[in-house]
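Asks: Sequence:
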Amino acid sequence: MSFGEGCHLHLIDGSAFIFRAYHALPPLTRKSDGLPIGAVSGFCNMLMKVVEESAGHDAPTHVAVVFDHKGKTFRDDIYDKYKANRPPAPEDLRPQFPLTRDATRAFNLACIEVEGFEADDIIATLARQGREAGGRVSIISSDKDLMQLIGGGVEMVDPMKNKRIDSEGVEEKFGVGPNRVVDVQALAGDSVDNVPGAPGIGIKTAALLINEYGDLESLLERAEEIKQPKRRQSLIENADLIRISKRLVELDQNMDLDFTLESLEMKAPVADDLLGFLADMELRTLSTRIANKLGLEAPAIPDAPAVSSAAPETKGFDPDTYEWVKDAAGLQTWIDKIYARGWVAVDTETTGLNEMLVDLVGISLCVEAGEACYIPLAHIADGGDDLFATEAVAEDQINLEDALTMLRPMLEDPAIVKIGQNMKYDAKIFARYGARVAPIDDTMLLSYALHGGLHNHGMDTLSERYLDHKPIPIKSLLGTGKSAITFDKVPVADAVKYAAEDADITLRLWQMFKPQLHEKQVTKVYEKLERPLVPVLAEMEMHGIEVDRDALSRMSNTFAQKMAGLEAEIHEKAGRPFNVGSPKQLGEILFDDLELPGGKKGKTGAYSTGADILEDLATEHEMPALVLDWRQLSKLKSTYTDALQDHINPDTGRVHTSYSIAGASTGRLASTDPNLQNIPVRSEEGRRIREAFIAPEGKVLVSLDYSQIELRILADIAGIDALKDAFRQGHDIHAMTASEMFDVPLEGMDPMIRRQAKAINFGVIYGISGFGLARNLRIPRKEAQGFIDRYFERFPGIHTYMDQTVEFAKEHGYVQTLFGRKIHTPGIAEKGPRAGFGKRAAINAPIQGTAADVIRRAMIRMPDAIQGLPAKMLLQVHDELIFEVDQNAVDDVVGVVRHIMENAADPAVKLSVPLVVDAGQGANWAEAH
DNA sequence: AGAGTCACG
DNA sequence: GACGTACGTGACTCTG
Numbered sequence: 001m002s003f004g005e006g007c008h009l010h011l012i013d014g015s016a017f018i019f020r021a022y023h024a025l026p027p028l029t030r031k032s033d034g035l036p037i038g039a040v041s042g043f044c045n046m047l048m049k050v051v052e053e054s055a056g057h058d059a060p061t062h063v064a065v066v067f068d069h070k071g072k073t074f075r076d077d078i079y080d081k082y083k084a085n086r087p088p089a090p091e092d093l094r095p096q097f098p099l100t101r102d103a104t105r106a107f108n109l110a111c112i113e114v115e116g117f118e119a120d121d122i123i124a125t126l127a128r129q130g131r132e133a134g135g136r137v138s139i140i141s142s143d144k145d146l147m148q149l150i151g152g153g154v155e156m157v158d159p160m161k162n163k164r165i166d167s168e169g170v171e172e173k174f175g176v177g178p179n180r181v182v183d184v185q186a187l188a189g190d191s192v193d194n195v196p197g198a199p200g201i202g203i204k205t206a207a208l209l210i211n212e213y214g215d216l217e218s219l220l221e222r223a224e225e226i227k228q229p230k231r232r233q234s235l236i237e238n239a240d241l242i243r244i245s246k247r248l249v250e251l252d253q254n255m256d257l258d259f260t261l262e263s264l265e266m267k268a269p270v271a272d273d274l275l276g277f278l279a280d281m282e283l284r285t286l287s288t289r290i291a292n293k294l295g296l297e298a299p300a301i302p303d304a305p306a307v308s309s310a311a312p313e314t315k316g317f318d319p320d321t322y323e324w325v326k327d328a329a330g331l332q333t334w335i336d337k338i339y340a341r342g343w344v345a346v347d348t349e350t351t352g353l354n355e356m357l358v359d360l361v362g363i364s365l366c367v368e369a370g371e372a373c374y375i376p377l378a379h380i381a382d383g384g385d386d387l388f389a390t391e392a393v394a395e396d397q398i399n400l401e402d403a404l405t406m407l408r409p410m411l412e413d414p415a416i417v418k419i420g421q422n423m424k425y426d427a428k429i430f431a432r433y434g435a436r437v438a439p440i441d442d443t444m445l446l447s448y449a450l451h452g453g454l455h456n457h458g459m460d461t462l463s464e465r466y467l468d469h470k471p472i473p474i475k476s477l478l479g480t481g482k483s484a485i486t487f488d489k490v491p492v493a494d495a496v497k498y499a500a501e502d503a504d505i506t507l508r509l510w511q512m513f514k515p516q517l518h519e520k521q522v523t524k525v526y527e528k529l530e531r532p533l534v535p536v537l538a539e540m541e542m543h544g545i546e547v548d549r550d551a552l553s554r555m556s557n558t559f560a561q562k563m564a565g566l567e568a569e570i571h572e573k574a575g576r577p578f579n580v581g582s583p584k585q586l587g588e589i590l591f592d593d594l595e596l597p598g599g600k601k602g603k604t605g606a607y608s609t610g611a612d613i614l615e616d617l618a619t620e621h622e623m624p625a626l627v628l629d630w631r632q633l634s635k636l637k638s639t640y641t642d643a644l645q646d647h648i649n650p651d652t653g654r655v656h657t658s659y660s661i662a663g664a665s666t667g668r669l670a671s672t673d674p675n676l677q678n679i680p681v682r683s684e685e686g687r688r689i690r691e692a693f694i695a696p697e698g699k700v701l702v703s704l705d706y707s708q709i710e711l712r713i714l715a716d717i718a719g720i721d722a723l724k725d726a727f728r729q730g731h732d733i734h735a736m737t738a739s740e741m742f743d744v745p746l747e748g749m750d751p752m753i754r755r756q757a758k759a760i761n762f763g764v765i766y767g768i769s770g771f772g773l774a775r776n777l778r779i780p781r782k783e784a785q786g787f788i789d790r791y792f793e794r795f796p797g798i799h800t801y802m803d804q805t806v807e808f809a810k811e812h813g814y815v816q817t818l819f820g821r822k823i824h825t826p827g828i829a830e831k832g833p834r835a836g837f838g839k840r841a842a843i844n845a846p847i848q849g850t851a852a853d854v855i856r857r858a859m860i861r862m863p864d865a866i867q868g869l870p871a872k873m874l875l876q877v878h879d880e881l882i883f884e885v886d887q888n889a890v891d892d893v894v895g896v897v898r899h900i901m902e903n904a905a906d907p908a909v910k911l912s913v914p915l916v917v918d919a920g921q922g923a924n925w926a927e928a929h
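First residue of the first sequence? That's 1 in the UniProt record's numbering, and the numbers climb one at a time after it.
In case anyone wonders, no lab produced these hints; they're calculated from the structure.
Predicted model only: the values in this text are computed from it and were never measured.
Possibly wrong hints are sitting among the right ones.
Simulated pairs of lysine to aspartate or glutamate, DMTMM-like, Cα-Cα distance not exceeding 20 Å [stated by the list, open to error]:
id, residue 1, residue 2
1, 810, 830
2, 246, 77
3, 31, 91
4, 489, 519
5, 49, 77
6, 163, 53
Required output: the full structure, derived from the provided sequences and hints.
Replies: Quick look at the structure:
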């Protein structure tokens, strides 16, 4: 049947519909493997409607479902910022794009996309063809950009409101007829698509001007005549930009299409194809509905056990099936598989654990459970028994640079999700080889969001626990201790089995964990607090901080001398030489030789010689104080002034810590290798170590820290009005507490009283006990208990909070932060003497965890906030961020960073107390803090 | 490898 | 009524 009068063409804006379906529907996943299919399901429902309507009086005779083709369009050449504001499509939507094409074909409808053009252009061209052929055309879309096509038998149908829009409807919306819509849009611009337009002119004004001057060109030519100076100026100054805008919004109605309108004739779905597809997607309801409609029996969709339930293994692990990728052709096959899939599990093998130093040895990939490969890149051939064999490149491996050239576009492709276990590690490795891996998903972080507090989140733990599979131990390949080898020396055949298995495990964990985010209601935690932190931390770690090696070296020497002096003195007082660093020997000297009071302690039966014990003994004997001094110096030297020098990276000359994101159960980060979160500050001598952390010439270090963040959060969570008011009014919180508790005036407060109140405030955060407070304040336990009773009396909300939190933990097995992070508290089930630990941890976790969430949010927003400013975020110390800033930009940076930090809870959580940030700057960390 | 000690928030 | 306690980390040293 040729297209003409009496025919009715439906043009469905497929791409727009996918987004609508995605956002309107809850995130549905395919039960068997967790594939996200929410948008696909919505899309199928929409197509079903089209098919159902085909019998009605207004039925389409011809249908085309039109999609945007991926990649650039001709509009990007006209204006490089076109649609530049668009965020990339959500991770769980991307794999659904190809599936909606499949759905369209399964419904036996024409599925159309053309490279270099948007769906709108194809719709425009088809609409013109349909109109000129004398038929009716209905555009199924609510995109206002398509309104320019209306008229002459072309109408739009808003699929959501089920409303028809004709020429009158366009007038209503734009104030002009369809033929002038582009002129109005060119003037008004569009912030969503980043069409510039004329600043200060919206749709209303634009319509007014077009109606007055007839069309856009006349208006621009006669712009001088406009009376209002602002409008006149805007049009004159932006004439070129407006003309560009018009070219952006104007749709191409004259594309060369390689098919005819006739080919769009509507055909009934082929039952096998359609039901097969729906069965594949495991869409039972829809499948049944359609089967009934077609008078067929719905195919049985096996009720696959949900992946989240135990023993999900459809396929076992078989190391012999993993592929050794030996050449470019083999690699290309895998890249093709990845593009067909939309995601890939990736794992890198390297010569060590320090991402800043090690070399890449190989890469493993996995696209489907059991289907994994290893790409050896820098393995060294086995020299056999010949000790003098020169190291040679192993056979059957691709040149590293060639492989990376092939992989880089995939690793950076926004449409391909790269899944890893601790992706920060791999992303940093790839970054050093010139690939910015994005977007990413991380099974370690998925587990952290789901199971925080229950167990650690290393791959071995996760695999054994959730896949019931014990991975090949790395030790079996590398050996242990001194004789351990690096991964490049591992025979490739062995490496394939180990490395590919890791990628396989990672993919299987991802398929299991990802759908559980929604079930456990921690999607936001993962998406807002975990995943976006990865690139931020990677950046900080790679940047590192400058450390003055000579200053550390000088301090080490000074400490060594002082220690030698102290050691001699200690030996003399002890009466005989011994190892001062040995608590065992020290205990014997103190309690056996010198017969000082104090006893055994601990399961080992050894004497306890901790700082508090030695402090007590200092009144009895001269030696303990000397040992304390010696210990302090020993600590400073071994842990800081010596060790930090070894951590200076030879290439960058800076120190690069590594943050573990999933280490602490509360949501805090932990810094390792070296730990830069416990650099001394409390003692004068220790604090001098911070002088060695410096900024390069022309820059300074800037430190910003939250003031009393945990107490503020406690005040909010527990709803303590007195505390909240004090924070709102900027009062000294510890003095206020003291005044409230001991009935003393704020003026002329005794520092001792304030100190006690401060200790109580901290104690509350930790789940206070009489014993703990007594020990901290060195007061009788009865007295400490009296303080606590009084505190609860004055701030009754605290006690309620503690009881309710413990109750919640007992009932649910976890507690929550204000941002929804779940911290599991298995310790709460402990009976007997250990019960207190569980309770206190449960009380502390929401407070510490909420503070951790707040600074995470600030850090995640920081790169955008300081973009363009000469500032780099270097370190995080729980409530403090340290930046390296150009000297002349400090004030600007402090302003921006403080604003981000103080408002970090917004808009997810509205705190009832203000967050306050203090700032400092200086040539080194000691000055900045 | 585990205990003891001590650095930080 | 006794238990045995502040919360969260990481690094270093000694010891078996």
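Asks: Each hint should be assessed against the structure and marked as holding or not.
Replies: Checked hints:
1. For the suggested pair residue 810 and residue 830, the alpha carbons sit about 10 Å apart, so the restraint of at most 20 Å is met.
2. Only pairs whose Cα atoms come within 20 Å are accepted, and residue 246 paired with residue 77 is accepted, the gap being roughly 14 Å.
3. Of the pairs offered as hints, the one joining residue 31 and residue 91 holds, with about 18 Å between alpha carbons and a cut-off of 20 Å not exceeded.
4. For the given pair, residue 489 sits about 44 Å from residue 519 by alpha-carbon distance, which is inconsistent with the 20 Å threshold.
5. Of the supplied pair hints, the one linking residue 49 and residue 77 is violated, its CA atoms being roughly 38 Å apart against a limit of 20 Å.
6. Taking the CA atoms of residue 163 and residue 53, the gap is near 15 Å; set against the 20 Å cutoff, the hint holds.
Consistency with the previously given hints fails for numbers 4, 5, ordered from lowest to highest.
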